Amino acid sequence: MNFRKLMASTAMAATMATTAVADGHGWSLKEAAAPYAGTTVDVVFLLRPGYEAIEAMLPAFEEETGIKINIIKHPYENALGEQVRDFVAGGDLDIALIDLVWIGNFAENDWILPLADVQAKFPDAVDPDLDIDDFFPLVLNAFGGWNETLYGLPFDNYSGLMFYNSCMLKEAGFDGPPETWQQLKDEYGPALTKDGKYAFALQSKRNETQSADSFARVLWPFGGSFLNDEFKSNLLSEESQAGLQFRQDLMQYMPDGIVAYDHAETVNGFAQGDIAMITEWSAFYSTVVSPETSTVADCVEIAPEPMGPAGRKPALGGFSLAVAAQADDAEQAAAYLFIQWATSKANAREYLERGGVPARQSVYVEDGLEDFKFVPALVESWQDGVPEFRPRFAEWPEITEIVQEWGTKMMLGEVTTVEGAEEIGTRMEAVLEEAGYYSGEKPMAQ
Amino acid sequence: MRGKVSRRTIFAFIGPAVIGLAMVGIAPLLYALWTSLHFFNLTKLKKVKFIGFENYWTVLTDEVFWQAMGRTMFLLGTALPLQLALGLGIALVLHQPGLTLIKTLARLSLVLPMATTYAVVGLLGQVMFNQKFGVVNQLMGGANINWIGDPENAFVMIVFWDVWQWTPFVALVLLAGLTMVPGEIEEAARLETTSKWTVLRYVQLPFLIPGLVAVLILRTADTLKLFDMVFTLTRGGPGSSTEFISLMIQRVGFRGFDQGLASAQAIILLIITIILAQIYIRVFYKEVN
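Chains as they are written, first to last, in the working numbering: chain A, 293 to 738; chain B, 47 to 335.
The hints are simulated quantities; they were obtained by calculation from the structure and are not laboratory data.
As the structure is a prediction and not an experimental result, all values here were calculated from the model.
A couple of the hints might just be wrong.
[Said to hold, decoys possible] Simulated restraints on C-beta separations:
(1) A/654 / B/160: 53 to 63 Å
(2) B/79 / A/475: 55 to 65 Å
(3) A/472 / B/210: 44 to 54 Å
(4) A/367 / B/159: 24 to 34 Å
(5) A/360 / B/267: 37 to 47 Å
(6) B/135 / A/347: 29 to 39 Å
(7) B/316 / A/705: 31 to 41 Å
(8) A/384 / B/330: 45 to 55 Å
(9) A/489 / B/320: 47 to 57 Å
(10) A/737 / B/60: 55 to 65 Å
(11) B/330 / A/520: 51 to 61 Å
(12) B/191 / A/705: 15 to 25 Å
(13) A/489 / B/271: 54 to 64 Å
[What the hints assert, rightly or not] Keeping only pairs whose Cα atoms sit at most 16 Å apart, straight-line, the calculated EDC-like set for lysine to aspartate or glutamate is:
(14) B/90 / A/400
(15) A/322 / A/419
(16) B/90 / A/378
(17) B/178 / A/487
(18) B/178 / A/566
(19) B/93 / A/400
(20) A/360 / A/334
(21) B/90 / A/354
(22) B/90 / A/334
(23) B/90 / A/726
(24) A/462 / A/593
(25) A/365 / A/334
(26) A/322 / A/421
(27) B/92 / A/706
(28) B/92 / A/726
(29) B/93 / A/726
(30) A/524 / A/715
(31) A/524 / A/725
(32) B/92 / A/402
(33) B/242 / B/232
(34) A/365 / A/344
(35) B/92 / A/733
(36) B/90 / A/402
(37) B/93 / A/725
(38) A/322 / A/355
(39) B/178 / A/548
(40) A/637 / A/421
Every residue, glycine too, gets a C-beta built ideally from N, C-alpha and C.
Take these sequences, add in the hints, and give me the full structure.
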């Protein structure tokens, strides 16, 4: 992705916002929404804390605007399929909820509208305080941008963090969490794995968790990646193999059956005091620090993910909201108003306090955030993240299935890391060949 | 009588059912056939094109497809004999005279597993077979068996749930078959011999054959289509240990969005099911006079 061009597109969006001020019109959400009162906006939400947070805030928006937000809830695993079918069939969805790895797919199929187009179409809906530059650039670029165009605004934002049980670590003689992955394996692993407790758990269930949370997590810090500059598999490189082999070696300090662990099992294992450290999304913070869902709430501390030989390179994931092309004009305007409101600077603090993770830089410099222990680690992670942590092109849904299958087989010892990498590489390149990357039909953007 | 009913009346009565069946059953099948002959990916609809039998060739030469098919057949070969043996045992017990109230209650309770939604069975399994908190390990004296995360144990778990859910169906069908045996013949046979096996083999079994063939066909088709329970319980994992053929088709069609390839897989599965059904009918089925 050409970052400068994306920033140009972003600047256009920002210009649209400031035009409203230059015109001298006082702007209010109520007045901007008045023509669209009574409109119903359909959107898919996930069953996660960030969505519960915005849902709790929703009555204020609906009361002020008269716009009804119809939420259709799905678990993550179903969200892509449900949305794809809806867009293919010309269904009801007015907003697309886009995981960062879906954005290439949604944009290339013209299911979503560029933000600048929406703002140009509905200039009166643009909040002069939108302040697009206030979003973390990495997050805005990775979650909302594709092929030099900005489509969505970051809504449910994650970075991989290390959650650790400071009580267990202290008992084992450690003052703090490991700085490097190597330390985690060589020092913390043996000391903390005993009496039915485990030092670490790397959620590795055969779904997106395997690709994103497990496989990719050990590639990048060791200097590996999915693809090289020629868009060929890089999984057999020395660095990628080092990462994948490291995962195999680390498994001895994880619970049995870690390949069946999804986020729920991992977070619960940590929250019940059975696991000393996990690397999880920031979105699960509220679960592990709430006494209602965690028996170790008082012991929970947060750190950035450990570093590998290539640096920290933490997992990056999250969702943006974009206006759906299939919606009619009133729905598009109403959808834009909702997206703008949900991701606004003004609402970021409340969203954070209710369990969401906003991508606004301004909120994290405010006073009184001491209770949110994840903030420093999160901000640091968003400086070191890799936008293409998982390639974001349209072919990812096919490739992730391959990674999930063979990544799990590696962990189970059914194939070696080399055999698995060869299989993934061959199949991944076949998908990319079919898509037209090698013939020059498609630009090598990820 | 036949001459008095006009052709129009016959069509009026039968037509709606035929049209309904065609719309619900035949039209989707024809559509699947059409997509199976095309490159048809939901996320690449601009590239839809006719590719002949390429999808079929891909399926037939795909090692992963045949591994999933082998796994499905192994499940069928493991679960079905257990269901037949246990189902027959239950049917024979319930066929004994006396204890009417208890037998009625037993029949009613047999319906419960069948009436439980597949997906709910899978979710129940997740909780009950949880390594740490699950009731199954607790009942086994606090065993520490990793059911869901171990490839072999996960397969055993699927067999267990399939047997739990569908043995009652087999029992009820066979019980219905046993009630078809004329009382006087059964009574005469019992006067001739005290061997329960002889009575079963030569008197009761002929009446059970139609039911058994129906069970074989239905359970085979069901096992080949088995999806919901496995999806919610293991999602095909760990690794590919419980990725049965229907899960693979769903993965290709709805997670990889390659509807063309998934349709070809589904049509090949349909052909295999029809062939198996024909084999059952030819080998086992005999009219009972």
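Verification of the hints:
no.: 1; hint: A/654 / B/160: 53 to 63 Å; verdict: holds (58 Å)
no.: 2; hint: B/79 / A/475: 55 to 65 Å; verdict: holds (58 Å)
no.: 3; hint: A/472 / B/210: 44 to 54 Å; verdict: holds (48 Å)
no.: 4; hint: A/367 / B/159: 24 to 34 Å; verdict: holds (26 Å)
no.: 5; hint: A/360 / B/267: 37 to 47 Å; verdict: holds (44 Å)
no.: 6; hint: B/135 / A/347: 29 to 39 Å; verdict: violated (52 Å)
no.: 7; hint: B/316 / A/705: 31 to 41 Å; verdict: holds (36 Å)
no.: 8; hint: A/384 / B/330: 45 to 55 Å; verdict: holds (50 Å)
no.: 9; hint: A/489 / B/320: 47 to 57 Å; verdict: holds (54 Å)
no.: 10; hint: A/737 / B/60: 55 to 65 Å; verdict: holds (58 Å)
no.: 11; hint: B/330 / A/520: 51 to 61 Å; verdict: holds (58 Å)
no.: 12; hint: B/191 / A/705: 15 to 25 Å; verdict: holds (19 Å)
no.: 13; hint: A/489 / B/271: 54 to 64 Å; verdict: violated (42 Å)
no.: 14; hint: B/90 / A/400; verdict: holds (9 Å)
no.: 15; hint: A/322 / A/419; verdict: holds (11 Å)
no.: 16; hint: B/90 / A/378; verdict: holds (15 Å)
no.: 17; hint: B/178 / A/487; verdict: holds (13 Å)
no.: 18; hint: B/178 / A/566; verdict: holds (10 Å)
no.: 19; hint: B/93 / A/400; verdict: holds (12 Å)
no.: 20; hint: A/360 / A/334; verdict: holds (9 Å)
no.: 21; hint: B/90 / A/354; verdict: violated (36 Å)
no.: 22; hint: B/90 / A/334; verdict: violated (24 Å)
no.: 23; hint: B/90 / A/726; verdict: holds (11 Å)
no.: 24; hint: A/462 / A/593; verdict: holds (12 Å)
no.: 25; hint: A/365 / A/334; verdict: holds (11 Å)
no.: 26; hint: A/322 / A/421; verdict: holds (15 Å)
no.: 27; hint: B/92 / A/706; verdict: violated (38 Å)
no.: 28; hint: B/92 / A/726; verdict: holds (14 Å)
no.: 29; hint: B/93 / A/726; verdict: holds (11 Å)
no.: 30; hint: A/524 / A/715; verdict: holds (13 Å)
no.: 31; hint: A/524 / A/725; verdict: holds (10 Å)
no.: 32; hint: B/92 / A/402; verdict: holds (11 Å)
no.: 33; hint: B/242 / B/232; verdict: holds (11 Å)
no.: 34; hint: A/365 / A/344; verdict: holds (10 Å)
no.: 35; hint: B/92 / A/733; verdict: holds (14 Å)
no.: 36; hint: B/90 / A/402; verdict: holds (11 Å)
no.: 37; hint: B/93 / A/725; verdict: holds (14 Å)
no.: 38; hint: A/322 / A/355; verdict: holds (9 Å)
no.: 39; hint: B/178 / A/548; verdict: holds (11 Å)
no.: 40; hint: A/637 / A/421; verdict: holds (8 Å)
Hint violations for this structure: numbers 6, 13, 21, 22, 27, all remaining hints satisfied.
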